[in-house]
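Same order as they appear, the protein sequences are chains A and B. The first sequence begins at 1 in the numbering used here and counts up by one. The second sequence begins at 1 in the numbering used here and counts up by one.
Incorrect hints may appear among the rest.
Derived PhoX-like pairs (lysine-lysine); straight-line CA-CA distance at most 20 Å [stated by the list, open to error]: (1) A:Lys222 <-> B:Lys44; (2) B:Lys260 <-> B:Lys36; (3) A:Lys212 <-> B:Lys260; (4) B:Lys241 <-> B:Lys201; (5) B:Lys227 <-> B:Lys260; (6) B:Lys44 <-> B:Lys63; (7) B:Lys117 <-> A:Lys179; (8) B:Lys22 <-> B:Lys44; (9) B:Lys131 <-> B:Lys176; (10) B:Lys171 <-> B:Lys130; (11) B:Lys117 <-> B:Lys224; (12) A:Lys212 <-> B:Lys241.
Covered stretches of chain A, going by a simulated chain B footprint (3 or more residues, C-beta under 8 Å) [unchecked claim]: (13) 95 to 105; (14) 125 to 135; (15) 191 to 201.
By construction, these hints were calculated from the structure, which means they are not laboratory data. Since we're looking at a predicted model, the values are computed, not measured. By construction, the Cβ of each residue, glycine as well, lies at the ideal position given by its N, Cα and C atoms.
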Amino acid sequence: MSQSARKLVDENGIRTDGRKADEMRPMKITVGVLSNADGSAYIEQGKNKILAAVYGPREVHPRHLALPDRALLRCRYHMASFSVEERKSPAPSRRELELSKVIREALEPTVFLEQFPRTSVDLFVEVLQADGGTRCAGVTVASLALADAGIPMRDLVVACASGKIDGHIVLDLNDIEDKEGQADIPVAFMPNLNAITLLQMDGLLTIEEFEKALNLAIEGCKRIYALQKETLKAKYVTAREEEQVE
Amino acid sequence: MSSIMVSRIRQKQIAQLVASGKRLDGRGLTDYREIKIEPGIIEKAEGSALAHIGKTEVLAGVKIELGEPFTDRPNEGALTVNSEFVPLASPEFEAGPPGEESIELARIVDRGIRESKAIELENLCIFPGKKVFVVFIDAYVLNHDGNLIDTAGLAALAAILNTKVFNYEAKDDEVKFLPGFTQLPVVNYPIPITFADINGKLVADPGLDEEEVMDARLTLTFEKTGKVCAMQKGGRGTFTKEQMLDAVRIGQQKAEEIRKTVV
Chain A
1 MSQSARKLVD ENGIRTDGRK ADEMRPMKIT VGVLSNADGS AYIEQGKNKI LAAVYGPREV
61 HPRHLALPDR ALLRCRYHMA SFSVEERKSP APSRRELELS KVIREALEPT VFLEQFPRTS
121 VDLFVEVLQA DGGTRCAGVT VASLALADAG IPMRDLVVAC ASGKIDGHIV LDLNDIEDKE
181 GQADIPVAFM PNLNAITLLQ MDGLLTIEEF EKALNLAIEG CKRIYALQKE TLKAKYVTAR
241 EEEQVE
Chain B
1 MSSIMVSRIR QKQIAQLVAS GKRLDGRGLT DYREIKIEPG IIEKAEGSAL AHIGKTEVLA
61 GVKIELGEPF TDRPNEGALT VNSEFVPLAS PEFEAGPPGE ESIELARIVD RGIRESKAIE
121 LENLCIFPGK KVFVVFIDAY VLNHDGNLID TAGLAALAAI LNTKVFNYEA KDDEVKFLPG
181 FTQLPVVNYP IPITFADING KLVADPGLDE EEVMDARLTL TFEKTGKVCA MQKGGRGTFT
241 KEQMLDAVRI GQQKAEEIRK TVV
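Kindly generate the complete structure, drawing on both the sequences and the hints.
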C-alpha cells in the first residue's frame, strides 16, 4: 500500500464512490441459488459478485482425511480468471490458498462439526467479480450457504473490513481504497456470541486507530447481520407461500 | 498446527496451569523463551540468519537476483518471502509442495516486512518497469517446537540486516556488475508477536504443546515506532474484542524488548 497522488477522501469527507466514512456499499444477498448444492448463496456488495455453495455432510474423499470425532470442514476460495482487471491464472495462487484457510477458520467456530464425525462439509466460494473486500463478502455469503444447507450452527458469521484512507478510519474499503489506502482490517464476527473469528491487518496503525477501526468493523458486521437474517427468513416465507398456492 | 498429539492429561494440565497464570515450563503468561540470533552463517547467501526461540530454529537466507518488477510497482525492487517446512524439523512435516501452514507463515512474515517498509525497495530499481533487484527471502524451519511465525519473522529481519547487494553500473539497458557490495537498505524493523488463546487467556510465544491445546492464535507485527503493521488470527477458536485490544497493548511492549535482541 502506498500513498498516492489521488485523493481518496475529499474536503467534505466523501469517498471516491460518494460514500461517507461509515457507509457501506449497497448489498444484495440471495440464498438457495444453485439447485445441485446442499446449500448456496449469492452476494453482491458494490461490484463484488460472489457465489458460495456447500456440499455435505457427506463421505470424505480421500477417506484417510476423515476425523473420528468431528466433521472435516474444507473451504476453497477461488477467483474467476475474468474477475479482475488483468486476467488471473485459474490455478490457485498463494493468496487464494491463504484466504481459503482464514475463511475456513472464520466459519469453523460456528458449525457443530462434532455432530457429524467421519464426514466432510465442503464449502466453495467462487469470486465472479472482485472489487475489494472479497474475503469478507465471502465469509458473509458462505455462512448463509451453510445455513441454507441446514447445517446446525451456533450463530451466523458475518464479515466486514474497515481501514484507513487519507488519514480517515472508514468502513468497507473498495478496491482502490484497499490498494492505495494506508491500512485494511478484515474482521469476521459472530454477533450473538460476541466473538471475532477472523482478523487480519496490513498497513500502518497506532493502537488508538486500531481500536477505532475494530469498533467500526464490528459495527459494520452488525448491520450486515440484520440483512443476513432477513434474507434467510425471506426464503422460508416464500417457500411457505408457494406451498399454500399448491 | 495439528501436530504431535499431547496426551489428554497433559492438555488438561496445561489448561489448568494457564488458568492460574502459570505455564508448564515455569514461564509467566507473557514471557518469551530465550531468543538467540546467529547472523550471517551462510556465506553463499547474500544475507542469512539463524533464529532460535527456545528449541525452535528457523534459518532465513536471502538471495538477490536481477528480475522484472511487479507490474503495479514498476519503480521498485521486488520482494518475495517463502517458507519451507523441511521434514527434518518435525515428525509431522512431509516433503512436497508447501502446505497452507507454510504459505500462511510466509505471507505473515512478508506482510510485516512489506507494510513496515523495512526494505527501501525504491533503491533497488535499475530500469523502471524493466529491470530491478528481486529480494528472495526463504525461511527454512529446522526444528519445530512451537511459534514458528515469530521465529521466522526474527530470522528474516536478522537476515535482511546483513544482506549485501552487488555494486553495478547501468548503461543503455545493460547492467554491468562491479566489484564489491553495498548494504541492502533496511530502514524499519518489524517484530511479530504471537499469542495463543488457551481457555480465554492470552499466552505469548506458545510452545509446541501449548499450540496443541490452544483454541486460537493471534500474531501482531509492530514496526519501530510501535505502530501495528500486520495482524493475523489463526486457528479454530475465537477472540473477544477486549482480548484483541489487550494483545495489542502487551504486544507493543514485547516487540520493543525483542527488537533489541535483533537490531
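Hint by hint, here is what the structure shows:
Restraint check for Lys222 (chain A) and Lys44 (chain B): not satisfied, since their Cα atoms lie roughly 54 Å apart, outside the 20 Å limit. Restraint check for Lys260 (chain B) and Lys36 (chain B): satisfied, since their Cα atoms lie roughly 11 Å apart, inside the 20 Å limit. About 30 Å separates the Cα atoms of Lys212 (chain A) and Lys260 (chain B), which puts this hinted pair outside 20 Å; it is violated. Restraint check for Lys241 (chain B) and Lys201 (chain B): satisfied, since their Cα atoms lie roughly 13 Å apart, inside the 20 Å limit.
Pair hint Lys227 (chain B) plus Lys260 (chain B) holds up; C-alpha atoms about 17 Å apart against a cutoff of 20 Å. Pair hint Lys44 (chain B) plus Lys63 (chain B) holds up; C-alpha atoms about 9 Å apart against a cutoff of 20 Å. With a C-alpha separation of about 15 Å, the suggested pairing of Lys117 (chain B) with Lys179 (chain A) holds against the 20 Å cut-off. Restraint check: the Cα-Cα separation between Lys22 (chain B) and Lys44 (chain B) comes to about 44 Å, which exceeds 20 Å; the hinted pair is violated.
Straight-line distance between C-alpha atoms of Lys131 (chain B) and Lys176 (chain B) comes to about 12 Å, which keeps the hinted pair within the 20 Å bound. Straight-line distance between C-alpha atoms of Lys171 (chain B) and Lys130 (chain B) comes to about 13 Å, which keeps the hinted pair within the 20 Å bound. Restraint check: the Cα-Cα separation between Lys117 (chain B) and Lys224 (chain B) comes to about 11 Å, which is no more than 20 Å; the hinted pair holds. Between Lys212 (chain A) and Lys241 (chain B) the alpha-carbon distance is near 11 Å, which keeps this suggested pair within the 20 Å criterion.
Here the segment 95 to 105 of chain A counts 7 residues with a CB under 8 Å from a CB of chain B, which clears the bar of 3, and the coverage holds. Counting residues of the segment 125 to 135 of chain A whose beta carbon lies closer than 8 Å to any beta carbon of chain B gives 0, which falls below the threshold of three, so the coverage claim is violated. Look at the segment 191 to 201 of chain A against chain B: 9 of its residues bring a Cβ nearer than 8 Å to a Cβ of that chain, three or more, so the hint holds.
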